[in-house]
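Hints given; two lone chains; assemble the complex.
Chains A and B are the protein sequences, given in the same order. Mapping to the numbering used here: the first sequence position 94 is 102, numbers consecutive. Mapping to the numbering used here: the second sequence position 111 is 134, numbers consecutive.
What the hints contain is simulated information worked out from the structure, not anything from laboratory work. Take the hints with a grain of salt, since some may be wrong.
Said to hold, decoys possible - Listed next, with one range per pair, are the computed distances between beta-carbon atoms: (1) A:76 / B:398: 27 to 37 Å; (2) A:78 / B:403: 48 to 58 Å; (3) A:151 / B:368: 41 to 51 Å; (4) A:101 / B:368: 53 to 63 Å; (5) A:211 / B:35: 36 to 46 Å; (6) B:361 / A:101: 32 to 42 Å; (7) B:403 / A:230: 27 to 37 Å.
Small disclaimer: the values here were computed from a predicted structure and weren't measured. Glycine included, C-beta positions come from ideal geometry on N, C-alpha and C.
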Amino acid sequence: MSLIEVKNCTKIYDSGGTAVEALKEVDLTIEEGEFVALIGPSGSGKSTLLTMLGALNPPTRGKVLIDGIDVYDLPAERRADFRSSYIGFVFQQFQLIPYLTAIENVMLPLAILRYSHAEQVKMAENVLEKVGLADKAKRLPNQLSGGEQERVAIARAIVNQPPIVFADEPTGSLDTKTGEEIMKLFHTLNQEGLTIVMVTHNEENLKYVKRTIVVRDGMIENSNFHGDVA
Amino acid sequence: MRLDSIAINSLKRRKSKMLFMILGMILATATVVILYSITTAMNRELAETFDEIGANIIVMPKSDGMSLSYGGVSIPAAGSKEVMLTNDDIIKINTIPNRDNIAYVAPKVLGLTRYQGKKITVVGVDFPYELKLKKWWQFWGEKPVAVTDLLLGSRVAAMFNKQPGDVINIGGTEFQVAAVLEEQGTEEDGLVFMHLLKAQELLDKENELSFIEVAAYCTTCPIEDIIADIENSLPHARVTALAEVVKARQQVIDRFTNFTYAVSLIVVLIGALVVMMTMMSSVSERTAEIGVYQAMGYRKGNIFEIILTEAMIIGLIGGTLGYVVGIAAAKSLAPAITNMQLTIPWNPLIGVSVVFMAVVVGVLSSAYPAVLAAKLDPVEALRYI
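Next comes chain B alone, as it looks inside the complex (with noise of 0.2 Å):
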């Protein structure tokens, strides 16, 4: 015989009370893990779908001269003898060592040209790249494909009078306009978008790029060591966070993180008040046990024991199972709930802590019952008898 045997024999033969206790402790355990599951796998989920909407990080070539600006980035004019950014640079910014981390890779070259005897901004991209990323464009026609499609600002669309399907001669190529931009309030209401390949031949600029959007996962890993990662592999190239756009990503992510944190820690009090109640009243009902123990020769401390030995085995139960129940929960509730496909692994490290957790709000919450036990005067203990 042990005190911790007379701790668990207390807890075998006293079901009921046992049942309650670990009930409380599950519900806890489970509505935090459930919580914590979904807000996460939803924290995750929005941060990558924030993170694939526009761009993060802008590359440029370093350079002096600034003269044509495109989405509010002062890029270096055409003809700029500066050290240029090349096709290869795409293939180094998704082969980093943080490349997992980037969503998407979306070059550009900017230049003029004539057309109709008027100067027009011309923009060479890599379309399905930069539709992806800009998810909010609304264009009226097709979505450009063939490598002489053209996307046509609303203005140059109004000031040359082209909707899609005209065909269009610029520096001698046809192109076809695929479609129009709707009106953006932005310098892309005048620019004409072509396919980057025909628009490094159209401005003599073969092989050249003025600048990379880059769209990067800042939540799984910090925008910082992309960043670095990039300045390592282009030592050409100037790389800027757009710190205005990732602060607001972050400050929407936190919110959410932070009313979770608010809720399971409401919860965890809960559960923590439902065990030290119940502890409470089991002290208050074996006020005579103590006494005999007391009687016998126990010391303060065998009965703080015996009665936190009770709490964290009433702890490991109740986190082990609030886990299994919390993830299996959210496993099935989430799509309902947050009507997003999460994905809720098991996670063996988070089950642990869970449980560690369970057993310190446990041993926590018993402590002040099992303190007024200890310190019941033996006599008075002896006189329930």
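Looking at chain A on its own, in the form it has when it is part of the complex (with noise of 0.2 Å):
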């Protein structure tokens, strides 16, 4: 069983009227242990796709399975529950809370789950020195830089060890250098074991990838499996 399976997932919106298809009839499986980029024109459905491979976006028709789970098929609020020990999420601006410590937006994703607060806070300590950011624990987003933004949101996105992170353009707003450090930082994450699907548009960062998934027009034009990467 694959750990992501998309069934002929089709998503249809609605522009002012008009109906839009998004995604046409996507059939697509991800293994555990991948790191997949999901590449293409702006436009194209890249976002739509990992929305709705993140439990976050139902297709209008088709079927979306993680670990076996139809997803769609769950309530909301089980589908929240279900996001929160599946699933982490890595955004393009870091999206940070900018009121709260990096070890708090680290803690984030604790704060609804069972933890005692000695507990959250040793678990987001492991996180934040794995990414490197042991030492600015107690910084604002505003005090760090983004690179470390960067690794402060890979690090909430992990911390309650989800088996998949999707990363929407994690290097989008980073010079070269700290988005070849992020991309070593999720490669390194890859070897552990996390499932990575990232949406790019950054052709340097495919290096790192395991396959690659071109999207066009709503439909994965083709999907490559690399060799040994970087």
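Have a look at this one:
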């Protein structure tokens, strides 16, 4: 059984009274431990596919199964619980909560789980150390550089040890060198067993992934497995 | 990290928004507290002032024979053999359980006698209390003080051509006319008021009373309770409330109170609107943040809880400060606004109630923005990123 299975999914948006087909009968499987890049021109449907895989955006038709669970068959509240335990998100603009410190941001996914404060702190400190920010835990986002904020966002995505992380253009706001460091971090996490699905426009990033899926006009144009990476 | 920590940090680090909302809450709460405190104190003061003017309870002996009338009240005729009221009854009224709600007790004895061959009606009164009860009385001359001082009704004075300072002899006793009442347009114009003990002696009704007028503070205690107390202490008496008087006074007080409630309601609504608009703007600004929470797996209830916790904190702080500011302002503004010396106390029970109400208003006015936040479509919310 694949970790992620997309079965004949179509997504139609209503855009000012006009039906827009963002995804057209997409079939896709992603195995556990894969590092997948979704690429394609703007408006091709990459982000729609990413949010659909992330249990945030139900398809108009079709099914999305993660670990064998039909996620859109779950009621909204159970689907939220599912996201909490299965999925981590990394957004392009980091999307750290500006009034919380780095460690508080990392603890956010744990706030709705049954961890004591001490456990939350320990887990957050561990992941911050893993992303190299143990010494900046008490800083607010605006006191961190772009790369550091991205690392906090990654730490937040993995703190509750989800099997999958979805990243939407994670290096889009970073300079080349910092972007490279972030991709290396993703690569390390993938090596440790984390399944990562990433939307990117940056071809430099593709050298770290195991598979590239090209999305065009709402359809998967091709899906290439790479050999050894990075 | 708990959801309330998120709310607390959100408020702590978005100070201008928080201060704006708290200020709105303080203004609304303080205004309500000022209005409430001043009007409550004024109500009490007005009620007491009203209650002290004229009687609102009449105590009479139980009797069927009623031939004398005073102030619209029928009194058993002189010489009636029914059980009369006595001087001891004054003490009994002043010692009822509800004695703190008794303003004045004004006993009276009525009787007929003759002066210069003509019948006159004599009323024996306790002048100090009588004059407090009849604050509207205007008279020419000096206040009656001595036992032999008289206060003549205007018609009697005219009939016998008497004025203050004149000496008259009634039943062998020399009395001095201390004052003449200005025309009242009532039977009081035809009466001769004298000291109670002297009247009892003159009318041969020693220790007897015809009736007793009582002015009670009926706003602080229902008049029915006071009447029941007097009836228990004086089983031989008939106790009657002057219903119209009580009703008229209550209507004035009620109108004033209703006006206060209406103004308070408007102020609370304005305060609630300020909090609601600020919360809605806050939710709108935080759309992306809410999308991030949803992506992390926060349930609608979690997001609702964060927003409402913020509202509760604002209500708690705004309500507490509003109460303190309101009472302090009421204390300093009340004399200037009302021209009265009002007592405005710090009342912990009212303080707690005010804070509770502020929290409720804060939560209720944030409920709609919180529902909007919780119902945000995560994909839509994440588009703000």
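Enumerated hints in conflict with the structure, sorted upward: Structure breaks hints 2 and 6.
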